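Participant: Using the hints, position chains B, C, D, E and F against chain A.
Each chain, letter by letter, is given below.
There are 6 protein chains.
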Amino acid sequence: MYSLAVSDHVMIAHSFVGEIFGPAQQLHGATYAVEMEVRRAALDGHGLVCDIGLALATLKAVLGELNYRNLDDLAEFRGRNTTTEFLAGEIFRRVKVRIAAGALGPGTLRVVLRESPVAYAAFEGALD
Amino acid sequence: MYSLAVSDHVMIAHSFVGEIFGPAQQLHGATYAVEMEVRRAALDGHGLVCDIGLALATLKAVLGELNYRNLDDLAEFRGRNTTTEFLAGEIFRRVKVRIAAGALGPGTLRVVLRESPVAYAAFEGALD
Amino acid sequence: MYSLAVSDHVMIAHSFVGEIFGPAQQLHGATYAVEMEVRRAALDGHGLVCDIGLALATLKAVLGELNYRNLDDLAEFRGRNTTTEFLAGEIFRRVKVRIAAGALGPGTLRVVLRESPVAYAAFEGALD
Amino acid sequence: MYSLAVSDHVMIAHSFVGEIFGPAQQLHGATYAVEMEVRRAALDGHGLVCDIGLALATLKAVLGELNYRNLDDLAEFRGRNTTTEFLAGEIFRRVKVRIAAGALGPGTLRVVLRESPVAYAAFEGALD
Amino acid sequence: MYSLAVSDHVMIAHSFVGEIFGPAQQLHGATYAVEMEVRRAALDGHGLVCDIGLALATLKAVLGELNYRNLDDLAEFRGRNTTTEFLAGEIFRRVKVRIAAGALGPGTLRVVLRESPVAYAAFEGALD
Amino acid sequence: MYSLAVSDHVMIAHSFVGEIFGPAQQLHGATYAVEMEVRRAALDGHGLVCDIGLALATLKAVLGELNYRNLDDLAEFRGRNTTTEFLAGEIFRRVKVRIAAGALGPGTLRVVLRESPVAYAAFEGALD
Numbered sequence: 001m002y003s004l005a006v007s008d009h010v011m012i013a014h015s016f017v018g019e020i021f022g023p024a025q026q027l028h029g030a031t032y033a034v035e036m037e038v039r040r041a042a043l044d045g046h047g048l049v050c051d052i053g054l055a056l057a058t059l060k061a062v063l064g065e066l067n068y069r070n071l072d073d074l075a076e077f078r079g080r081n082t083t084t085e086f087l088a089g090e091i092f093r094r095v096k097v098r099i100a101a102g103a104l105g106p107g108t109l110r111v112v113l114r115e116s117p118v119a120y121a122a123f124e125g126a127l128d
Numbered sequence: 001m002y003s004l005a006v007s008d009h010v011m012i013a014h015s016f017v018g019e020i021f022g023p024a025q026q027l028h029g030a031t032y033a034v035e036m037e038v039r040r041a042a043l044d045g046h047g048l049v050c051d052i053g054l055a056l057a058t059l060k061a062v063l064g065e066l067n068y069r070n071l072d073d074l075a076e077f078r079g080r081n082t083t084t085e086f087l088a089g090e091i092f093r094r095v096k097v098r099i100a101a102g103a104l105g106p107g108t109l110r111v112v113l114r115e116s117p118v119a120y121a122a123f124e125g126a127l128d
Numbered sequence: 001m002y003s004l005a006v007s008d009h010v011m012i013a014h015s016f017v018g019e020i021f022g023p024a025q026q027l028h029g030a031t032y033a034v035e036m037e038v039r040r041a042a043l044d045g046h047g048l049v050c051d052i053g054l055a056l057a058t059l060k061a062v063l064g065e066l067n068y069r070n071l072d073d074l075a076e077f078r079g080r081n082t083t084t085e086f087l088a089g090e091i092f093r094r095v096k097v098r099i100a101a102g103a104l105g106p107g108t109l110r111v112v113l114r115e116s117p118v119a120y121a122a123f124e125g126a127l128d
Numbered sequence: 001m002y003s004l005a006v007s008d009h010v011m012i013a014h015s016f017v018g019e020i021f022g023p024a025q026q027l028h029g030a031t032y033a034v035e036m037e038v039r040r041a042a043l044d045g046h047g048l049v050c051d052i053g054l055a056l057a058t059l060k061a062v063l064g065e066l067n068y069r070n071l072d073d074l075a076e077f078r079g080r081n082t083t084t085e086f087l088a089g090e091i092f093r094r095v096k097v098r099i100a101a102g103a104l105g106p107g108t109l110r111v112v113l114r115e116s117p118v119a120y121a122a123f124e125g126a127l128d
Numbered sequence: 001m002y003s004l005a006v007s008d009h010v011m012i013a014h015s016f017v018g019e020i021f022g023p024a025q026q027l028h029g030a031t032y033a034v035e036m037e038v039r040r041a042a043l044d045g046h047g048l049v050c051d052i053g054l055a056l057a058t059l060k061a062v063l064g065e066l067n068y069r070n071l072d073d074l075a076e077f078r079g080r081n082t083t084t085e086f087l088a089g090e091i092f093r094r095v096k097v098r099i100a101a102g103a104l105g106p107g108t109l110r111v112v113l114r115e116s117p118v119a120y121a122a123f124e125g126a127l128d
Numbered sequence: 001m002y003s004l005a006v007s008d009h010v011m012i013a014h015s016f017v018g019e020i021f022g023p024a025q026q027l028h029g030a031t032y033a034v035e036m037e038v039r040r041a042a043l044d045g046h047g048l049v050c051d052i053g054l055a056l057a058t059l060k061a062v063l064g065e066l067n068y069r070n071l072d073d074l075a076e077f078r079g080r081n082t083t084t085e086f087l088a089g090e091i092f093r094r095v096k097v098r099i100a101a102g103a104l105g106p107g108t109l110r111v112v113l114r115e116s117p118v119a120y121a122a123f124e125g126a127l128d
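Residue numbers (my numbering), protein chains in the order written: chain A, 1 to 128; chain B, 1 to 128; chain C, 1 to 128; chain D, 1 to 128; chain E, 1 to 128; chain F, 1 to 128.
Here chain A stands alone, though its shape is the one from the complex (with noise of 0.2 Å):
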């Protein structure tokens, strides 16, 4: 199995509703280092797994939607915690929506998101 990863990150508002958050319950912040990790089982004609340019390009553009946003305010969000888990799964989800039905062929995709030096969090599924 071939694995390539390219990464980029984020910086966001947004707070969390429910006691478990104790003072993350507060308007505060986040830089996400994230991480993309596409797994394949063969390398294509160029000894690739993909376009590492392609795929620094569609990691830019997914995280481009919300780069320099308070979550809270975004609708898609709206009755929502936009934990560090929650984030990761979305952004895998809108990174499979970008990659065109069949153009990797079989193969998984990992999403990894570092918030801070402590802690991490990763949504990982198969991309078609």
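Because the hints were derived from the structure by calculation, they are not lab data.
The model shown is predicted, which means the values in this text are computed figures rather than measured ones.
A portion of the hints provided could be inaccurate.
27 Å max Cα-Cα, derived DSSO-like pairs, lysine-lysine [what the hints assert, rightly or not]:
| no. | chain 1 | residue 1 | chain 2 | residue 2 |
| --- | --- | --- | --- | --- |
| 1 | D | 96 | D | 60 |
| 2 | B | 60 | C | 60 |
| 3 | F | 96 | F | 60 |
| 4 | C | 60 | C | 96 |
| 5 | A | 96 | E | 96 |
| 6 | E | 96 | E | 60 |
| 7 | A | 96 | A | 60 |
| 8 | B | 96 | B | 60 |
| 9 | D | 60 | F | 60 |
Facilitator: Coordinates of chains B, C, D, E and F only, in the frame set by chain A:
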């Protein structure tokens, strides 16, 4: 599959028995940077894999049993080499015991110990 | 010259005023990994630059005043852009106030804030 | 499942064939930080996944065949793009050959090559 | 003293002349993670050491002159060993030329090139 | 001012005397990631601050005197707390002795010991 990971560290002394260990047969020590990753198929009602504060407290409690100790003196390790991979398994077992049966539902747990810039060991298993 | 450094992190929300900031004029946030380095010419009787536990507690106390807050709401920052470099200076000043006059003798203090994998800012000055 | 991982690095020159590679069609180079992870279900009698010194020596020997070379000049890579993912597979195959059949029992091996702060590639497969 | 630092990376090929370089006399390459730190005594009216976007663009422009090249082919390096420390000085000089005289006022600049997990080189000098 | 830095690591056991050390009065240990930075005003005829292979060998030789040892057993540390900052100074002194007088010309040397993800200590001084 969602993941959440937290990390902490521990500083211990120990020695190994067996010529294969070379100079590590002498009493020496290590700083282990310890990472604990919980994986579950779905988020709970708060949008969480698990409470990150609770995860950090659980890891800290388990590491507190080992921190600043000479592992050669601990009765539970008598007759055993406390290698990095053995300790990864041991921390896995101690964390699992502290998770109330069913509290997290089905899932897996991975414990990683980084002992130096050029080596790490890990243990991974089912949570229930 | 001896140095001792400890680190922690803080998660905040804020926005900037001025066209130069582009999309960062919107309310967003950051995780700052914060490093505090104390430098002195000699060690004390215990062989220390300073008590590492006390250094960590001092840094945590100062960061606790900012953690999980929207800096735009704090009276002391009204009319100021809380840039990474400004915050490095602000944390320097707050740490310095907490160090009892003469407690450490002559020395210097450097505070570093890493805001993302590609940027950090710092402030450095005399301790007395 | 237990894991043990060791790492080293290698510096090489190469160029790629195909318009998809853009400026990387020119002769350039890379530092690859290489990580090799061995996974087995049980520890041996010493409490080890495998001898860490032997693992480091095996990785160093394989990397020594590539280090400080222009990969475009090596006969075994003629007509191939030595992409990061291809090299991860190649190092996997060379390490596997050096492990005496059955020496480690059933297990898996993962080789990761970090080529820059924003990209890595990997190959993972069975050891026997 | 305030600092602001940004980073990027570059991938090049080169070879060295002199027996002291051992196997590095062969054509090989490197990924350099490059960090550029600007230091000034005071912040400007926006609360900045300098515009972080402009700093990143300046570093990228300078690195673009070297990226994906065989340094042995560049006329300006003829007869020189393009060691990591030499390149740190060269990048310093090229960045300094791009900063309009007086644009930043008095200050210093430090350029760091990390060539592998076990080595880096740097150059530091006055900005004016 | 040019710099060149190399790094390696060491694993030791020790204990501290004094109530200020809390649980670290017990025999424990540490992995120190050690970085040695040499600074000089000019490069030599090869374009080097110093021979990187020689620098790595010097650091490895000095660390070899401490690696896999219980520092409490070493005569030269009797009656001393081998704190991280003390060890940084000690490694500085041992490296300096190994550099033949005048071999590098005027310059400075900085030794950094990272003991955990949240703490490091350093010593810096003139080379001659």
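Participant: Now, for every hint given, state plainly whether the structure supports it.
Facilitator: Structure-based check of all given hints:
no.: 1; hint: D:96 to D:60; verdict: holds, 14 Å
no.: 2; hint: B:60 to C:60; verdict: holds, 17 Å
no.: 3; hint: F:96 to F:60; verdict: holds, 14 Å
no.: 4; hint: C:60 to C:96; verdict: holds, 14 Å
no.: 5; hint: A:96 to E:96; verdict: violated, 43 Å
no.: 6; hint: E:96 to E:60; verdict: holds, 14 Å
no.: 7; hint: A:96 to A:60; verdict: holds, 14 Å
no.: 8; hint: B:96 to B:60; verdict: holds, 14 Å
no.: 9; hint: D:60 to F:60; verdict: holds, 17 Å
Consistency note: the structure conflicts with earlier hint 5 alone.
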